[in-house]
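Novice: So the protein lines, in turn, are chains A and B. By the count of numbering that gives the first Met the number 0, the first sequence reaches residue 447 at its end, each step adding exactly one. By the count of numbering that gives the first Met the number 0, the second sequence reaches residue 335 at its end, each step adding exactly one.
Among the hints, a few may not be true.
[Stated by the list, open to error] The calculated DSS-like cross-link candidates involving lysine-lysine, where the alpha carbons are at most 27 Å apart (straight line), are:
| id | chain 1 | residue 1 | chain 2 | residue 2 |
| --- | --- | --- | --- | --- |
| 1 | A | K78 | A | K252 |
| 2 | A | K188 | A | K199 |
| 3 | A | K199 | A | K252 |
| 4 | A | K252 | B | K207 |
| 5 | A | K252 | A | K161 |
| 6 | A | K422 | B | K193 |
| 7 | A | K422 | A | K161 |
| 8 | B | K193 | A | K254 |
| 9 | A | K199 | A | K142 |
[Unchecked claim] Label-pair restraints from in silico Cβ distances:
| id | chain 1 | residue 1 | chain 2 | residue 2 | range |
| --- | --- | --- | --- | --- | --- |
| 10 | A | I58 | B | F172 | 34 to 42 Å |
| 11 | B | A66 | A | T77 | 22 to 30 Å |
| 12 | A | V35 | B | P60 | 26 to 34 Å |
| 13 | B | V157 | A | Y436 | 52 to 60 Å |
| 14 | B | R99 | A | A445 | 17 to 25 Å |
| 15 | B | A69 | A | Q113 | 40 to 48 Å |
| 16 | A | Y436 | B | R99 | 14 to 22 Å |
| 17 | B | W112 | A | D185 | 44 to 52 Å |
| 18 | A | R230 | B | V157 | 39 to 47 Å |
| 19 | A | V35 | B | P252 | 50 to 58 Å |
| 20 | B | I316 | A | D226 | 24 to 32 Å |
| 21 | B | T260 | A | A445 | 36 to 44 Å |
| 22 | B | F172 | A | T77 | 25 to 33 Å |
[As the list claims (entries may be wrong)] Counterexamples of contact, computed for chain B against chain A with all Cβ distances above 10 Å:
| id | residue |
| --- | --- |
| 23 | L70 |
| 24 | H83 |
| 25 | G86 |
| 26 | S89 |
| 27 | V91 |
| 28 | A134 |
| 29 | V147 |
| 30 | I263 |
| 31 | F283 |
| 32 | V311 |
| 33 | F324 |
Calculated directly from the structure, the hints in this document are not laboratory data. Think of the CB as a built atom: it goes at the ideal place given N, C-alpha and C, for glycine as much as any other residue.
Now for the letters of each chain:
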Amino acid sequence: MRRRRFLTGALGAAAAATTASAASGCGNLHSSDPDVLTFMFRGSTEERDVFARAVDVFIRRTGIQVNLISTSVDQYATKLQTAILGNSTPDLFYLEPTRTMAYVTNGVLADLSQYVDATDLPVDDIWQAGLDLYRFDGESIGKGPLYAMPKDVGPFSFGYNKTLFEEMGVEPPDPDEPLSWDEFLDRCKALTGDRDGDGKTDSWGNSVNITAELHSYVWSNGADWVDEDARTVTVDTPEFAEALQYVVDLREKHKVTPSINESEGLDGYQRWLRGQIGFFPVAPWDLTLYRTLDFDFDLCPYPTGRSGVSATNVGSLGIGVSANSRRPDRAAELAMFLSCDPEAQEIIVGQGQTIPNTRTRAKEWVKDTSIEPQNKQEYIDIVEDYGHFVPNTRTYTPEWLDTFFTNIQPVLEGRQDVGEYLKATQPVMQGFLDQGYDQLRIDQEANS
Amino acid sequence: MSATTPVGPAANTPPPAALVRPGRRSARASAGARTSGASRPPGRGRLTRPERIWGRIFIAPPVLGFALFALAPLLFSCYAAFTHWNGLSSPVFSGLTNFRTMAGDPQFWQSLWNTLFLMIGIPIGLAISLALAIALNRRMPGRAAFRVIYYLPGVSSVAAISILWQWALNGDFGLVNELLRMLGIDGPNWLAEKTWVKPALILMGVWKGLGFSTLLYLAALQSVPRNLLEAAMLDGAGAWRRFRHVTLPMLSPVTFFLVVTGIIGGAQMFAEINIMTPTGGPEFGSATIVWYIWQQGFQNLKLGYATAMSLVLGALIFLVTAFQFYLNSRNVFTVE
């Protein structure tokens, strides 16, 4: 009898352990309690703390419970994909705009249009461009029902180190009038030099992060990655080649950016933080850190190529609601709250994580000259006027654009001719773009 | 004396222990089996009914676990490989499309080639770890400390090791190039040059695996029967011949184990690549097959295609391992 009791106990313990581990393995991503929402998001520790504080306000105000599931940036996409695959999609989750088409087509996202129409929150005050990123009519982004609320819009502005400009005796750029490429190169040359007299260059005019910044040079030179319908890859145009050549020459010919070896030691970002770079992108999510640096900085427009019009990209992250959520109305309420509620915006913007999501709040924010950057209007101009969205937000899969950067290293090192590279890469990119549309058609049919 | 000749004190006197190949052993083993019937474990008939039931209950969890978490996914992946599946909605049967795509996909072949290339590290690692094991097997001061030091990478996380080596291989300030500079060599930009990224990863892989293989070799060295070595010595064999004809054959089961697990592990290399060269390296130079599978499945929403590649990878690993077992049945020595 004693032995039987032992065996039963052991078996029970094993079963309990199995059940417990199975339950913990699910991570409770999908709450079965309709009164509890699960919200999966990502970011730096500071960013996660800020959003958790804003969610606390929502909980206090509405009495709705919210379970937060936060992950590191690296793990987020895989974890979300796995949750969707396992049919345990969280009620709310951060949405990369490059995923909008795929998630809508495959029924992952709930249509938020009805909730937006019914809410008292100032949704109409949100940047139109931010909302358009999450509209999809089955063919094109920017049209049709709304599938996510923008958590933020991230204008990728250009900035400059005011202290370095003063030290090198270089005239600072005009906040309203963009420099031409030639003028920009002249400033960069004047900023590049040996400040401490040890015979080594220790300040540079610029440092280009090719994947993030090539867009600006391409667009401002009148070129683009794809045509208007996002069906044909257009990287093999002379304007595109000229833009890429200009960026390559900044380092290889004019030596106004750190060399490859110098970038390996300390990349452009680290050198900017140390005050060694004249011009550098200043995105809103970096402002909290930049304000602690021991040099002054401000914003200016990106230099312009042939078109004479400055250009840069606007990033964004959305907050989507699962189509399988038991309480999509409450989940939509939280998404809208985080996107545009004045109190939530106060917390999020106040901590320097994003620019304001609403026009009204932005007007106030721009007037505040007590903190850097002084020229905050530049961010607003990008969102309202000259910002573009990265082209893979308009296509079904991002593979075609990734391909461009996979083999670009020899070009950046001057070992391969720019024209040759673009000519060879265009058909490969086109192949992947076409495959993406084939995939869209198959998925549409399968889900119809 | 050839490597295949059993070593013994005299030709007509059976040695207390002898080196034999498994093929030769089989006759003796079957003869032994005929005479050992009395000591056979009790069969099914000896168990009472409740014992049989409890036995089944106790083996049920791992069997169910295997069925649920290994067999079922395996069977599903066999099906998924023949579908168009994006991982967001249900798979749609697509016949051999994924396999045809694979055949014409240069990145698939490139990543397969990269994976094979990185396995160059296996023989290099084995040779170095054997040398280390021999050194650590001798009496010398600080021997225990050295054993711990060499094993440390084995207990460190892959992520930490990858980040550490990312610094060490940095083209500008990395430790590797600093050491080369001391020798008057201007080191390459390891992780940013297509030519050097694979050797760099091999270097790291060898360093990482050294502790584990050294430990196994050390254990194997210590289990070489002394009487065999003494017998060889009496036959006039010098240190090198004793090592070549006694010790080395006695290490072959460990070598076999390390080669098999090394190839299986090498074929599944992922975390190091994803951390050290997150875009698959310069010009796709370091993308391993598992990294490419992950990229296609999770980044590009081609889970059906990724599953098809996984299936091919699984089949390749199976074939290579089976071939190794076949070779092993002819070459590995054991003691009777």
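Novice: Please go over all the hints and tell whether each is borne out by the structure.
Specialist: Each hint tested on the structure:
no.	hint	in the structure
1	A:K78 - A:K252	violated (44 Å)
2	A:K188 - A:K199	holds (15 Å)
3	A:K199 - A:K252	holds (18 Å)
4	A:K252 - B:K207	violated (41 Å)
5	A:K252 - A:K161	holds (26 Å)
6	A:K422 - B:K193	holds (21 Å)
7	A:K422 - A:K161	violated (40 Å)
8	B:K193 - A:K254	holds (23 Å)
9	A:K199 - A:K142	violated (54 Å)
10	A:I58 - B:F172: 34 to 42 Å	violated (48 Å)
11	B:A66 - A:T77: 22 to 30 Å	holds (26 Å)
12	A:V35 - B:P60: 26 to 34 Å	holds (32 Å)
13	B:V157 - A:Y436: 52 to 60 Å	violated (38 Å)
14	B:R99 - A:A445: 17 to 25 Å	holds (20 Å)
15	B:A69 - A:Q113: 40 to 48 Å	holds (44 Å)
16	A:Y436 - B:R99: 14 to 22 Å	holds (19 Å)
17	B:W112 - A:D185: 44 to 52 Å	holds (47 Å)
18	A:R230 - B:V157: 39 to 47 Å	holds (42 Å)
19	A:V35 - B:P252: 50 to 58 Å	holds (56 Å)
20	B:I316 - A:D226: 24 to 32 Å	violated (44 Å)
21	B:T260 - A:A445: 36 to 44 Å	holds (41 Å)
22	B:F172 - A:T77: 25 to 33 Å	holds (32 Å)
23	L70	holds (17 Å)
24	H83	violated (5 Å)
25	G86	violated (5 Å)
26	S89	violated (7 Å)
27	V91	violated (5 Å)
28	A134	holds (35 Å)
29	V147	holds (32 Å)
30	I263	holds (23 Å)
31	F283	violated (6 Å)
32	V311	holds (20 Å)
33	F324	holds (33 Å)
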